[in-house]
Amino acid sequence: MKPPIQNAMVFGATSAIATAFCRILARHGVRLHLIGREEDALRNLARDLELRGAKSVAISVADLSETGSHEQLVTECWESLGKPGLVLLAHGSLGAQTACETDWEQQRAQIQTNLLSHLSLLTILANKFEHQRSGCLAAISSVAADRGRASNYIYGAAKAGLSSYLEGLRSRLAPAGVRVVDLRPGPVDTPMTAGLPKGPLWSNPERVARAMYRALTHRNGTVYLPFYWRPIMWLVRMMPDVLIRKLGI
Amino acid sequence: MRRLTHGWAGINHGSPHHVLAPASVGDLQQMLATGQHGSLLACGLGRSYGDCALNGNGTLIDCRFLNNFLSFDPDSGVLECEAGVSLLEINRLLTAAGWMLPVTPGTQFVTIGGAIANDVHGKNHPQEGSFGTHIIALKIARSNGEVLECSLENNEALFAATIGGLGLTGLILSATLQLRPLKSLSMDVNRIPFDNLAELFALVSRHIDSWEYHTAWMDPAAGCRKGHYILANHADEPGNLNWSERRSIPLGFLAGLASDLPGRLLMKAANLWYRKGVRSGHRQGSIESTLYPLDRIPDWNLLFGKPGFFQYQCVFPEAAAQAALDELLKVIDGSGQAVTLAVGKWFGTRSTPGLLSFPLPGFSIALDFVNNGSETRRLLDSLDSIVGDCNGRLYPAKDGRMPSALFADTYPELEKFGQQLDPLFISDFWKRMEQHT
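Residue numbers (our numbering), protein chains in the order written: chain Z, 1 to 249; chain C, 1 to 437.
Treat the hints as calculated values from the structure; they're not laboratory data. Each residue gets a CB set at the ideal place from its N, CA and C atoms; glycine is no exception. Watch out, some of these pointers could steer you wrong.
Taking CB as the label site, the calculated pair distances span [stated by the list, open to error]:
1. Z:G82 <-> C:I208: 55 to 65 Å
2. Z:P231 <-> C:S248: 35 to 45 Å
3. C:G252 <-> Z:K246: 43 to 53 Å
4. C:D389 <-> Z:E206: 22 to 32 Å
5. C:S71 <-> Z:R37: 17 to 27 Å
Interface residues of chain C toward chain Z, partial, derived using beta-carbon atoms under 8 Å [as the list claims (entries may be wrong)]:
6. P16
7. H17
8. L20
9. F253
10. L254
11. G256
Residues of chain Z placed beyond 12 Å of chain C at every Cβ, according to the derived structure [as the list claims (entries may be wrong)]:
12. S15
13. T19
14. R27
15. N44
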C-alpha cells in the first residue's frame with residue numbers, strides 16, 4: 001500500500017512539534033523538504049530523518065519573517081519536491097506578552113512571525129495547490145486563537161487571524177479538492193514553553209505529532225491536539241466575559 | 001515540573017532559578033554566550049534518584065530536545081547521536097537493523113547524556129562492563145563557549161572525567177558509541193531459587209561465564225536472604241527484531257499524592273508475584289519484560305507520593321562481598337525498617353575510562369526503603385560504615401544523602417577528576433560533596 005503522504009514541505013521544521021511530526025513522516029519513507037532559520041540545526045535534523053527512513057531530505061535556510069523571499073523559496077521547494085502531498089507551516093514564536101504590551105515594535109515583530117509570514121506563504125501556496133488540484137495545506141494555529149486572554153492576547157490575535165484565514169481558504173480550495181487543515185494544539189512541553197509552569201492538560205510533541213499525522217492523512221477542517229481541547233475550548237468560548245475575568249483565565 | 005525540581009525517589013528537591021531548553025546546539029551556544037545564567041547543570045529525563053540532576057537556585061539546561069541521530073553505520077554498529085536521545089529511541093530504531101545497546105540500566109527512559117554522566121551499568125556488567133566501556137568519542141560544550149571533542153586518544157583526561165562525571169565537566173552535546181549485534185528480541189531466561197546467601201554466591205560462581213545477564217531478586221519477607229537468581233541470554237536463533245507498540249499505564253494524574261501507600265502496595269504485590277506467581281526454570285522472555293520490567297509504568301515513582309522512598313545502592317568488593325552483605329542484612333533486620341524491594345547484581349573486571357564510575361568487581365545490592373524520616377536515615381548511616389569498612393562505595397545516581405567523607409574516602413580518583421571540573425557546572429549532589437573535595 002502506498003503511504004497516504006509521499007512528499008512534504010515543512011516550514012519551521014526544527015520546532016519541536018514539527019520535528020516530531022517529520023520523524024513520523026520519515027518512518028513512512030516520505031520525501032521531505034525542510035525550511036528553517038538555523039543551518040546546523042536543519043542539517044542535523046536532516047541526518048536524523050534520513051537515518052529514520054526518509055526517502056530524501058532537502059533543506060533550505062531562510063528567515064521566514066522576511067516575506068520578500070517567499071515566492072522564490074516556495075518555487076524552489078516546489079520544483080525540488082515535485083507535487084507535494086502536504087505543506088505544513090509550523091514556524092512561530094510565543095514572544096513575551098508583557099514586553100509586547102508596551103513595545104509596539106516587538107508586538108509588530110510577533111505579528112509578523114506568527115501571522116503575516118504565514119499569510120504570505122499561504123497566498124503563494126494556495127495558488128499552487130489550486131492549480132495542482134490535490135494535496136493538503138496545514139498550519140499550526142493554537143487554542144489561543146479561540147478566545148482572547150489577558151495573558152497572551154497578542155499571540156492569540158495572530159493565531160485567530162491565521163485561523164480565520166485558513167477557514168476561508170478551506171472553502172475556496174474545496175472545489176479544487178485541496179484540504180486546508182487548521183491545527184490547534186493546546187499547551188505542549190517544548191523549548192518554546194520552557195519558562196512556563198506545566199499542568200495536567202499539557203501534552204508532549206510526540207503525542208501531538210501522532211494525532212497530527214492521523215488528521216493530516218485524511219481529515220479536513222479544524223483539528224484540536226490532543227482531541228480533548230475541542231470540548232474544553234467550546235466551553236471556554238461559551239463563557240461570558242464576566243466569568244472569564246472572574247476566573248482570571 | 002517535578003522532573004526539574006525533584007529527584008526520582010521524591011526525597012530530594014531543589015527548584016532551579018531558571019530553565020533553559022535549547023532546541024539545537026546553536027541555540028544552546030547563544031544561550032551560554034550571554035553569560036548571565038550563574039551556575040549550570042544539564043538534565044534529561046529525570047531518572048536520577050537523588051540530587052545528581054538538581055541545581056536548586058541555579059540554571060538547569062533541559063537537554064531532551066537535543067535529540068537527533070547523527071549517523072549510523074549498519075556494518076560496524078557505530079552510532080553517533082545527540083545527548084538528549086533516549087535509550088528507548090535507540091533500541092526501537094536500531095534493533096530493526098540488528099543492533100542494540102550493549103549496556104542498559106533497568107529502564108529505557110534515560111538519555112544518552114545521563115547514561116554517560118552516571119556511567120550506568122546493566123545486569124550484564126560481568127561481560128560488557130558499564131556504559132562508558134562502549135563510548136568511542138564525546139563532544140562537550142564548556143561554559144566558556146568552547147566545544148571540545150574527546151576520546152581515549154584525544155583530550156583523554158576530559159573524556160575520562162566526563163564518563164561517570166555527573167555532568168560536572170560541561171554539557172555533553174553528542175556521543176559516538178559502539179552497539180552490539182542482535183539476532184532476535186527474545187531472550188532465554190532461567191530462574192533458580194536460593195535459600196540462603198551462601199547458596200546464591202555458589203550459584204553465581206557456577207553460572208557467571210555461561211550466562212550474560214545476572215540478577216537476584218531477594219525476598220524482603222525472608223530478610224532478603226531467599227529469592228530467585230535470574231539469568232538471561234539473548235536468543236541465538238534469528239527471530240523477530242521489530243518492537244511492538246506496548247501501551248503504558250499512565251499515572252501522571254497521581255502527581256502530588258499525599259501517601260506512599262500505593263507504592264508500598266505495588267511493591268508488596270510485585271514481591272508476592274515473584275514469590276508465588278513465577279515458576280522457576282527455563283522459559284522464553286522478551287527484552288522488554290526481562291530487562292525493563294517497570295517501563296510499562298513510566299511514572300511508578302508517583303505511587304510513593306510526597307513521602308517518596310529511599311534507594312540505597314552499594315557495591316562490595318568481591319572478596320568481602322558475602323560477609324559484608326550478611327552484616328548489612330543483619331543491621332537492616334534489627335532496625336525494623338521496611339525494605340520494599342531488594343535486587344542484587346554482579347560487577348566484573350571489564351574497565352571503563354570513567355574516573356568517578358561506580359562499579360567495582362564484586363556484588364552490588366539496591367535496596368528500597370519506606371521513608372520513615374530520621375529513623376530510616378539513621379539506619380542508612382549505619383549501613384554506610386559497613387560499606388566504607390570493606391572498601392565498597394555508594395552509587396551517586398541513586399544517592400541523596402551520602403556523607404561527603406564517605407564519598408571522598410571511596411572514590412580514589414576524586415582529585416584527578418577535580419582538575420576537569422567546569423567552573424560553572426554544579427549540582428545539588430556536588431554542593432553536598434564539595435566540602436571534602
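Unmet hints by their number, sorted upward, for this structure
2, 3, 4, 6, 7, 10, 11, 12, 13, 14, 15
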